[in-house]
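**Q** So the chains spell out like this:
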Amino acid sequence: MAESTTYQLDKFSDISKADILLEKLESYLNGGVSVAVDASQVERIDTSAMQVLLAWFKSMEKQHFQAQIINPSDPFLKAASMLGVSEFLRLKH
Amino acid sequence: MSIDLSQFHQVFFEESFEGLQVMESSLLDLDCENVDSETINSIFRAAHSIKGSSSTFGFTDVAEFTHVLETLLDQVREGSRQLQPDHVDLLLQSVDCLRGMLTALQAGAALDTEQSKILIQAFNDILDGRQPVAPGGEQALSNETPSSPPVAASQCQEEEITWHIQFVPDVNLLRTGNEPLRMFRELAEMGELEVSVNLDRIPDLAGLNPEECHLSWDLYLSTGRSRSEIEEIFEWVMDESDITITATAGLFTNIATPQAEEHELIAEPDVMGAAEAEVQNTVKPADKQAVTKPAQQNPAAKSSESTSIRVSIEKIDSLVNLVGELVITQSMLGQLGNEFDMEKLQKLQEGLAQLEHNTRELQESVMRIRMLPISFTFSRFPRMVRDLSKQLGKKIDLKLVGEQTELDKTVMEKIGDPLVHLVRNALDHGLESPAERRAAGKKETGTITLNAFHQGGNIMIEIIDDGKGLNREKILNKARTNGVIGESEVLSDEQIQELIFQPGFSTAEQVTDVSGRGVGMDVVRRNILELNGSIEVRSVEGEGSTFTIRLPLTLAILDGQLIDVGSQTFIVPLVSIVESLQPDMKLINHVAGGCDVFRLRDEYIPIIKLWEVFGVEPRSKDLADSLLVVVEAGNAKVAVVVDDLLGQQQVVIKSMETNYKKVDGISGATILGDGTVSLILDITDLIYMAGEHQQSKNGLKLISNKTRAA
Numbered sequence: 019m020a021e022s023t024t025y026q027l028d029k030f031s032d033i034s035k036a037d038i039l040l041e042k043l044e045s046y047l048n049g050g051v052s053v054a055v056d057a058s059q060v061e062r063i064d065t066s067a068m069q070v071l072l073a074w075f076k077s078m079e080k081q082h083f084q085a086q087i088i089n090p091s092d093p094f095l096k097a098a099s100m101l102g103v104s105e106f107l108r109l110k111h
Numbered sequence: 023m024s025i026d027l028s029q030f031h032q033v034f035f036e037e038s039f040e041g042l043q044v045m046e047s048s049l050l051d052l053d054c055e056n057v058d059s060e061t062i063n064s065i066f067r068a069a070h071s072i073k074g075s076s077s078t079f080g081f082t083d084v085a086e087f088t089h090v091l092e093t094l095l096d097q098v099r100e101g102s103r104q105l106q107p108d109h110v111d112l113l114l115q116s117v118d119c120l121r122g123m124l125t126a127l128q129a130g131a132a133l134d135t136e137q138s139k140i141l142i143q144a145f146n147d148i149l150d151g152r153q154p155v156a157p158g159g160e161q162a163l164s165n166e167t168p169s170s171p172p173v174a175a176s177q178c179q180e181e182e183i184t185w186h187i188q189f190v191p192d193v194n195l196l197r198t199g200n201e202p203l204r205m206f207r208e209l210a211e212m213g214e215l216e217v218s219v220n221l222d223r224i225p226d227l228a229g230l231n232p233e234e235c236h237l238s239w240d241l242y243l244s245t246g247r248s249r250s251e252i253e254e255i256f257e258w259v260m261d262e263s264d265i266t267i268t269a270t271a272g273l274f275t276n277i278a279t280p281q282a283e284e285h286e287l288i289a290e291p292d293v294m295g296a297a298e299a300e301v302q303n304t305v306k307p308a309d310k311q312a313v314t315k316p317a318q319q320n321p322a323a324k325s326s327e328s329t330s331i332r333v334s335i336e337k338i339d340s341l342v343n344l345v346g347e348l349v350i351t352q353s354m355l356g357q358l359g360n361e362f363d364m365e366k367l368q369k370l371q372e373g374l375a376q377l378e379h380n381t382r383e384l385q386e387s388v389m390r391i392r393m394l395p396i397s398f399t400f401s402r403f404p405r406m407v408r409d410l411s412k413q414l415g416k417k418i419d420l421k422l423v424g425e426q427t428e429l430d431k432t433v434m435e436k437i438g439d440p441l442v443h444l445v446r447n448a449l450d451h452g453l454e455s456p457a458e459r460r461a462a463g464k465k466e467t468g469t470i471t472l473n474a475f476h477q478g479g480n481i482m483i484e485i486i487d488d489g490k491g492l493n494r495e496k497i498l499n500k501a502r503t504n505g506v507i508g509e510s511e512v513l514s515d516e517q518i519q520e521l522i523f524q525p526g527f528s529t530a531e532q533v534t535d536v537s538g539r540g541v542g543m544d545v546v547r548r549n550i551l552e553l554n555g556s557i558e559v560r561s562v563e564g565e566g567s568t569f570t571i572r573l574p575l576t577l578a579i580l581d582g583q584l585i586d587v588g589s590q591t592f593i594v595p596l597v598s599i600v601e602s603l604q605p606d607m608k609l610i611n612h613v614a615g616g617c618d619v620f621r622l623r624d625e626y627i628p629i630i631k632l633w634e635v636f637g638v639e640p641r642s643k644d645l646a647d648s649l650l651v652v653v654e655a656g657n658a659k660v661a662v663v664v665d666d667l668l669g670q671q672q673v674v675i676k677s678m679e680t681n682y683k684k685v686d687g688i689s690g691a692t693i694l695g696d697g698t699v700s701l702i703l704d705i706t707d708l709i710y711m712a713g714e715h716q717q718s719k720n721g722l723k724l725i726s727n728k729t730r731a732a
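Taken in sequence, the protein lines are chains A and B. For what it's worth, my numbering labels the leading residue of the first sequence as 19, then goes sequentially. For what it's worth, my numbering labels the leading residue of the second sequence as 23, then goes sequentially.
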């Protein structure tokens with residue numbers, strides 16, 4: 019059975035922390051595990067952090083691993099919807 | 023023989039834009055109750071001239087449009103028609119429309135005549151007497167013919183149009199503090215917004231720089247708002263990004279684009295969270311190969327900076343005279359050189375002094391050619407204040423002072439947008455509504471004053487409002503919430519007011535209003551800093567705010583002080599220097615943390631050792647053997663340690679970015695008389711660098727690097 023892990027997204031996920039997010043998600047890429055990003059605590063997210071998630075989804079797909087966002091908070095859903103990326107992040111409303 | 027008329031296009035556009043400026047300012051001066059015939063005549067003449075010229079050059083759409091508004095003006099001029107306030111509104115909208123058409127023509131872009139057709143119809147309705155536009159502009163011809171298209175200008179404002187906005191941001195957009203999310207939210211507040219993202223340019227995670235923006239969007243906005251209102255949302259990113267705004271035919275629900283067919287997201291302003299993804303044809307993100315249009319330039323939006331300048335005959339004559347004198351001096355020196363012997367040395371020295379004098383005068387004269395009165399920038403505000411005061415339901419009196427103050431054309435073009443932002447902020451958030459003003463014991467009419475004047479080789483621009491001022495507590499709370507300052511940090515009033523320029527106040531997603539100020543203020547400051555200027559705010563709660571902008575008169579030449587540090591010669595902008603002195607060692611204290619401070623009268627000023635900042639070997643590291651140059655940037659003063667002070671001279675600034683790359687702490691370079699290259703210090707940058715250096719060296723925080731402009 020494939021391993022899986024969960025990463026908790028920061029309460030304030032913005033450009034100032036986007037490189038940390040990128041680094042963390044990148045570390046999962048070669049780990050051979052399916053990863054879920056828990057967005058339940060997110061109170062604010064900006065385009066930069068959202069872009070990191072999109073690139074991560076893209077890279078995970080390429081490696082045939084499953085990436086998913088779980089428990090997205092309302093601010094997260096709103097931001098994703100406003101940026102037109104809900105579908106790509108497979109967010110359910 | 024045929025004449026190539028295109029050679030006259032530039033002059034035509036310049037004259038037409040001037041004509042539109044005359045029309046706009048005259049329309050704003052019009053009093054419908056007591057119409058001044060000379061004002062109407064000048065509006066008519068301007069319109070007539072644009073009509074004639076555009077017809078000559080074959081711009082028939084412009085000619086047809088001006089013809090119809092000219093007809094209305096003619097009737098008012100003859101006295102056969104009473105001018106109504108709504109006519110003025112319609113004419114002002116026509117000025118905007120014409121300006122847009124001419125800008126597009128000038129840029130060689132396709133002409134969008136949709137707006138002009140609506141306006142022509144509105145004029146024809148008035149002229150035909152079918153549906154006189156009543157004061158307030160609410161009535162429309164559609165009452166008469168329900169199936170007819172929208173006609174009156176006021177109505178066409180309210181009629182929903184679906185705008186297609188193609189937004190391809192500049193790769194550095196996020197880095198400069200601009201946030202698409204915020205822009206889209208503002209758009210969503212205007213109407214129904216559909217957002218379609220394009221991920222084709224996004225790299226793999228390993229190749230992604232999170233500060234770069236690789237996303238682009240197609241937005242469909244169904245709204246009654248005008249194009250200019252939509253453009254305002256993008257005003258800070260317009261120049262760098264590719265933005266195309268086009269009105270689409272039909273209603274929002276009828277739009278079918280390749281992207282929209284693939285996936286459509288409907289986001290409504292009040293129920294954004296509940297926005298449901300309407301996936302019409304599910305495509306896996308990784309498989310998605312959406313057909314994307316190449317980034318389209320919007321030439322009309324990019325041509326706002328004019329490439330020519332009108333110069334008075336007096337300035338040209340003065341130049342010709344100076345060149346004449348220069349030629350005489352050169353001829354005299356040439357002759358002296360041919361027959362030179364040591365007896366003529368004094369004559370040679372006199373000749374060289376004369377040459378220096380001539381050159382300096384010529385240089386000043388040439389610089390004066392680029393100087394234009396600031397009224398060119400100020401002239402946009404009466405209209406803006408008129409429109410916004412109507413929109414906001416406020417009574418506002420605009421005072422323009424010092425309109426003839428001259429500054430460099432480039433500086434003027436670049437300061438326009440920050441000024442608009444500041445004035446709009448003052449109108450929107452600074453000034454209270456009439457009811458609030460009454461309750462506060464103030465006059466119902468608020469005042470905004472724009473004041474320009476010269477001071478010590480700089481131009482100062484003040485934006486003064488007598489509104490409610492900055493709310494100290496709100497700013498503090500917001501700064502603490504956003505983590506801009508610590509919970510226990512105690513700040514002076516001045517420092518609190520400075521907080522509104524912090525990036526945290528504008529980039530934070532949920533912050534849209536901090537005592538009415540804050541959105542984009544960091545961008546305003548950054549724009550002004552890029553011009554080697556500064557901005558400060560003084561505010562008294564309940565009494566109003568004053569923003570003071572200081573700008574150099576020109577960006578091409580700088581008065582500098584040459585200094586030596588080791589084997590290097592640097593240039594300090596003279597305008598930044600407070601004083602230079604030999605330090606009295608008794609006045610230098612070594613404070614905890616390792617930083618030296620110098621007591622200058624009642625102030626303790628941090629000492630910056632340039633050799634440490636730039637890694638140069640100094641002649642002496644003993645402060646007793648060195649000199650201190652006290653410099654100032656913004657509100658911060660520091661003492662720079664140098665080995666020697668050389669002369670002062672005007673230097674021609676060469677861009678580092680153009681010739682090499684951006685170097686921290688350096689604003690440019692110049693070539694000295696002996697041919698060596700000397701670097702010009704960027705004092706603001708240097709202060710922050712020194713702060714960071716000290717911080718990293720010994721934990722002492724001179725200046726929070728949070729205040730550093732990005």
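Worth flagging that the hints you see were computed from the coordinates, not collected in a lab. Incorrect hints may appear among the rest.
What the hints assert, rightly or not - To give an idea of the chain A side of the interface with chain B (calculated C-beta under 8 Å), a few residues: (1) ASP28; (2) LYS29; (3) GLY49; (4) GLY50; (5) VAL51; (6) ALA54; (7) ASP56; (8) GLN59; (9) ILE88.
Stated by the list, open to error - Restricting the straight-line Cα-Cα distance to at most 20 Å, the calculated cross-link-like pairs of lysine to aspartate or glutamate (DMTMM-like) are: (10) A:LYS80 with B:ASP222; (11) A:LYS35 with B:GLU234; (12) B:LYS631 with B:ASP666; (13) A:LYS42 with B:GLU601; (14) B:LYS631 with B:GLU679; (15) B:LYS431 with B:GLU509; (16) A:LYS76 with B:ASP222; (17) A:LYS35 with B:GLU233; (18) A:LYS76 with B:GLU484; (19) A:LYS42 with B:GLU234; (20) A:LYS76 with B:ASP226; (21) A:LYS29 with B:GLU484; (22) A:LYS42 with B:ASP226; (23) A:LYS80 with A:ASP28; (24) A:LYS76 with B:GLU234.
For glycine and all other residues, C-beta sits at the position ideal for the given N, C-alpha and C.
**Q** Each hint should be assessed against the structure and marked as holding or not.
**A** Outcome of the hint check:
1. ASP28: This interface hint is violated because 12 Å lies over the 8 Å limit.
2. LYS29: violated (11 Å)
3. GLY49: Because about 13 Å separates A:GLY49 from the closest Cβ in chain B, which is outside the 8 Å limit, the hint is violated.
4. GLY50: violated (15 Å)
5. VAL51: Violated - the Cβ of A:VAL51 stays beyond 8 Å from chain B, reaching only about 15 Å at its closest.
6. ALA54: Violated, about 16 Å.
7. ASP56: Cβ of A:ASP56 sits 18 Å from chain B, so the hint is violated.
8. GLN59: violated (15 Å)
9. ILE88: violated (17 Å)
10. A:LYS80 with B:ASP222: Judged against 20 Å, a Cα distance of about 14 Å means the pair holds.
11. A:LYS35 with B:GLU234: holds (14 Å)
12. B:LYS631 with B:ASP666: Holds. B:LYS631 to B:ASP666 sits at ~13 Å (cutoff 20 Å).
13. A:LYS42 with B:GLU601: violated (51 Å)
14. B:LYS631 with B:GLU679: Between B:LYS631 and B:GLU679 the Cα gap is close to 25 Å, so the pair fails against 20 Å, i.e. violated.
15. B:LYS431 with B:GLU509: Violated. B:LYS431 to B:GLU509 sits at ~45 Å, over the 20 Å cutoff.
16. A:LYS76 with B:ASP222: holds (11 Å)
17. A:LYS35 with B:GLU233: holds (10 Å)
18. A:LYS76 with B:GLU484: Status violated; Cα separation ~50 Å.
19. A:LYS42 with B:GLU234: holds (18 Å)
20. A:LYS76 with B:ASP226: holds (7 Å)
21. A:LYS29 with B:GLU484: Answer violated: A:LYS29 to B:GLU484 is near 40 Å, above 20 Å.
22. A:LYS42 with B:ASP226: Within the cut-off at roughly 14 Å; holds.
23. A:LYS80 with A:ASP28: With Cα atoms ~25 Å apart, A:LYS80 and A:ASP28 exceed 20 Å; violated.
24. A:LYS76 with B:GLU234: With a Cα-Cα distance of about 17 Å, the restraint between A:LYS76 and B:GLU234 holds, given a limit of 20 Å.
The structure does not agree with the numbered hints 1, 2, 3, 4, 5, 6, 7, 8, 9, 13, 14, 15, 18, 21 and 23 stated previously, though it agrees with the rest.
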